[in-house]
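Q: Sequence:
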Amino acid sequence: MDPASPYQPPLPQGPPDFPLTYAGDPPAVKVFGILHLVFAGLGILFAAWGLFVAIVGNPILKLQSAPGMESQVQAQLDMQEKIKPMTLTSGVLSLLVAVPMIIAGVRLVKKRGSGLKWSNIYAFSSLAAKAVNLVLTFTVMVPAMEEMTRTIIGSSGAPASASGVLSGVMMGSAVGGVLITCVYPVLTLILLNRPPVKDWAARQPG
5 MDPASPYQPP LPQGPPDFPL TYAGDPPAVK VFGILHLVFA GLGILFAAWG
55 LFVAIVGNPI LKLQSAPGME SQVQAQLDMQ EKIKPMTLTS GVLSLLVAVP
105 MIIAGVRLVK KRGSGLKWSN IYAFSSLAAK AVNLVLTFTV MVPAMEEMTR
155 TIIGSSGAPA SASGVLSGVM MGSAVGGVLI TCVYPVLTLI LLNRPPVKDW
205 AARQPG
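In the working numbering, the protein residues as written are 5 to 210.
Because the hints were derived from the structure by calculation, they are not lab data. No residue lacks a Cβ here, since even glycine has one placed at the ideal position from N, Cα and C. Careful: at least some of the hints might be erroneous.
[Said to hold, decoys possible] 30 Å max Cα-Cα, derived DSBU-like pairs, lysine-lysine:
id, residue 1, residue 2
1, Lys202, Lys134
2, Lys88, Lys134
3, Lys134, Lys86
[Unchecked claim] Estimated spans, in silico, between C-beta atoms of each pair:
id, residue 1, residue 2, range
4, Arg198, Val110, 19 to 25 Å
5, Ile184, Thr143, 16 to 22 Å
6, Leu81, Lys34, 41 to 47 Å
7, Leu92, Gly158, 28 to 34 Å
8, Val113, Gly168, 47 to 53 Å
9, Pro209, Leu99, 28 to 34 Å
10, Gln78, Asp203, 46 to 52 Å
11, Lys202, Val173, 18 to 24 Å
Work out the full structure: start from the sequences and follow the hints.
A: Quick look at the structure:
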């Protein structure tokens, strides 16, 4: 059959050879990149304040001293002295955890695949640090809080039962605070290890 004949049926053709294209970056990449940097900055500020208080003392408590409140203020100062090792440990751990968090944030913002790896390093190191803080809360902070509340309640003339209530509230706040801080690293592990993000990381330069 003449290939130039207009009566020749069209030859079968394959699908058009379009270049492969990928969808845009997963939203979680940019969101967590920014959040990493924000939370790392806040963590450094809080850690620096905690270390300052542990080494120099809390200037706010010293300014609160007023006639009739000397025993209460002194009880709080004594408690801070007793939890000083915990405060120092917590501050150092926070600074160490901030390092991989900043690296992860910068690399995610710059769309580097290694940002996922550094995010996982941050998340696991953060959870490990929080486990240490939780142990220190029960072994160091709670006993110091109980002694402080007994002193404050005793000097105020309030019923002795109030000491137990106040201790329970303070202990719940301390433990709850540690647990709440676990939310972000857990979300990091869950949301940044979904298949779309892993596929994105595998395509990106390191």
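Q: Please name the hints from earlier in the document that this structure breaks, with their numbers sorted from lowest to highest.
A: Checked against the structure, the hints that fail are numbers 10, 11, while the rest are satisfied.
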